[in-house]
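J.: Here the protein sequences come in this chain order: R and Z. Each residue of the first sequence is one higher than the one before, starting from 1 at the first, in the working numbering. Each residue of the second sequence is one higher than the one before, starting from 408 at the first, in the working numbering.
Just so you know, the hints here were simulated from the structure itself, not pulled from any lab data. Each residue gets a CB set at the ideal place from its N, CA and C atoms; glycine is no exception. Take these hints with a grain of salt, some might be off.
Examples of chain Z residues lying across from chain R (beta carbon under 8 angstroms, computed) [to be verified]:
1) 409
2) 413
3) 462
4) 463
5) 481
6) 484
7) 512
8) 515
9) 589
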Amino acid sequence: MAEAAEKTATPTQLPDAGGHFGVFGGRFVSETLMAALEELEAAWRKYIADETFMARLDSDLAHFVGRPSPLYFAENLTRKMGGAKIVLKREDLNHTGAHKVNNTVGQALLAQAMGKQRVIAETGAGQHGVATATVAARLGMKCVVYMGSEDVKRQSVNVFRMKLLGAEVVSVEAGSKTLKDALNEAMRDWVTNVDDTFYVLGTVAGPHPYPAMVRDFNAVVGREARAQMLAEYGKLPEALVACVGGGSNAIGLFHPFIDDGDVAMYGVEAAGRGLSGHEHAASLCAGRIGVLHGSRTYLLDDDAGQIIDTHSVSAGLDYPGVGPEHAWLKDSGRAQYVGIDDEEALAAFHELTRSEGIMPALESAHAIAYGMKLAAERDPEEIVLVNLSGRGDKDINTVAELEGLTL
Amino acid sequence: MNRIDARFEKLRRDNRRALIPYVTAGYPGPDATVPVLHAAVEAGADLLEVGMPFSDVMADGPVIQEACARALEQGTGLDQVLAMVAEFRRKDPATPIILMGYANPIERRGVARFCEEAAVAGVDGLLIVDCPADEAADMRAELARHDLHQIFLVAPTTTDARLKRAAELAGGFLYYVTVKGVTGAANLDTASLAPAIERIRAAAGVPIAVGFGIRTPEHAAAAAENADAVVIGSALVERLGRADSAAAAVETAREYLAPIRQAMDNTASSNTDVVSA
């Protein structure tokens, strides 16, 4: 791949030295975490400039993850929608079945370089937990994954996968028993065991340097896609579409295109049972600016500033905050954020499965659903590039249950 | 003069170490908080920390997390917390009150409005756990306008550079977190305390409080040998949680804090040369 050459394209210099994207981001954490974050930031800056480290990362992405992931022209779906070409970036074909592993391979190598023997992670759908447990198994590290008890129930297959990989899965009973509570618990573990423990955060949220670091590890998606578009289609796409929970797959795709002003960007949030009520997880579409999990960003809270329970059919999007760079992209107008509800996502799950033989994760099905809408409105000469961030095997129990079936 | 400064001046004159109990507002019930605060003062508390319940208390352990969740269920938000402080003030105009909490509820209300309302209610300082000095620039001006102190944490892992900055910005006192962990996480490591306090004293001119992991009179006495103030949080909150009425909570606070006060005073009288701040 033209990977090495593409790395020189630096579309934006954000965040600033304090981890701010405009008014967003930063480091809103207790003093007890500051030294750990500073140590992490120093190590990250050191090793991403280290040729040996980056060569090891590139090699692992090629041979362990299976990169580059291909672009796939969804011809049948395109024909049905009767508009722009729908092209999929096949992150579902990565080892462990989603984009999450791009980041965990990077962070685990960083943990190893820093001499940390134990990694911890939070997980929602379980994809990040599985991706962390996978790299921990390979590098011989102890691994503990925090998961909301609600998600443990919804994603039993992934829980078992993590256990098979040797990870300890801790079911978190606090709060809404979902991703945000798992993240709180992982932070508590980290602050307590900071000497030997590396916290592998799974999305572009949290305190600096996580939003920038996780973005950089996932930006391989956008760098590849950009080069593949030029090589295979002779042009850049007219639009990018990706689902946004915390926002790591979306920022990974978007970031290398930020300076390409003609490429529109659409982040698709979970509208759950509708944006008019409270049963959704669309912090950019329907939230307000506040402080959660270490950064200033858009979030979902009540009038007293308490974080509220979110809902989405997809556990991976069920999060009341969002990465601060997305907040900045929204306010700067560079990207647009839209909502897709549970029913639309489920319909897209079936549509892609039946028309292309590709079963998307319910998270990614949100992006597929919006990509279909967008393609229908656009000219056949145009290309809508949708990030197919994960595969849907993990969701078949959820889909069956919603349709009244027991497997 | 801010009540915190006045109180520490008096403590210094009296050669007395401060006992600072922490209670989560609205826990175990909304009617318990003000009586428990008065009882704490009667049992020997010199300053009071009142926790503002939040849904996602990332830096707190299971005890305070549970207390916040229960308090929120019973409707204790910022309005109620400020009303409790105002009610406390009607009977006790002197004991300083520090509100401890997280940034989001304050931002939602508006920093300027919150600072004004807090000052009117009789609050003296704020400890916003997830708003370290690095992010506090906007808040500082509002706090200063209302003569409210911002209390900063110092951790065992705090670097010299960060300590210097915290010392420059500190109002009231610096709060030294004695353990790596969340509130209520582990027991105090008394051996490491003396050199840690010495390091902070060399950098800061304000009094030093220690907290996180202090649960027994022995811990408190050991902490009082080195520090100017001792904070008791989770251990008290855990006991309050077992009280089934406001009256029982008052009794619990009194019984738990009195021996701690006693142990601290015994220590202080035998170490008259320690207080130097």
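J.: A closest beta-carbon separation below 8 angstroms is what the hint needs, so does residue 481 of chain Z meet it against chain R?
T.: Violated, about 13 angstroms.
J.: May I ask you to test the interface hint for residue 512 of chain Z with respect to chain R, counting a Cβ-Cβ separation under 8 angstroms as satisfied?
T.: Given a least distance of 3 angstroms, the restraint on residue 512 of chain Z holds.
J.: Does residue 515 of chain Z pass the interface check with chain R, least Cβ-Cβ distance below 8 angstroms?
T.: Cβ of residue 515 of chain Z sits 3 angstroms from chain R, so the hint holds.
J.: Holds or violated: is there a CB of chain R closer than 8 angstroms to the CB of residue 409 of chain Z?
T.: violated (22 angstroms)
J.: With a cut-off of 8 angstroms on the beta carbons, see whether residue 462 of chain Z makes it to chain R.
T.: holds (4 angstroms)
J.: Under 8 angstroms is the threshold here; is the Cβ of residue 463 of chain Z close enough to any Cβ of chain R for the hint to stand?
T.: holds (5 angstroms)
J.: Per the CB criterion, is residue 413 of chain Z less than 8 angstroms away from chain R?
T.: Since the shortest Cβ distance to chain R is 26 angstroms, the answer is violated.
J.: Holds or violated: is the Cβ of residue 589 of chain Z closer than 8 angstroms to a Cβ in chain R?
T.: This interface hint holds because 5 angstroms falls under the 8 angstroms limit.
J.: For the restraint on residue 484 of chain Z, tell me whether the closest CB of chain R is nearer than 8 angstroms.
T.: Nearest chain R Cβ about 4 angstroms off; hint holds.
Of the numbered hints given earlier, the model fails hints 1, 2 and 5; all others are met.
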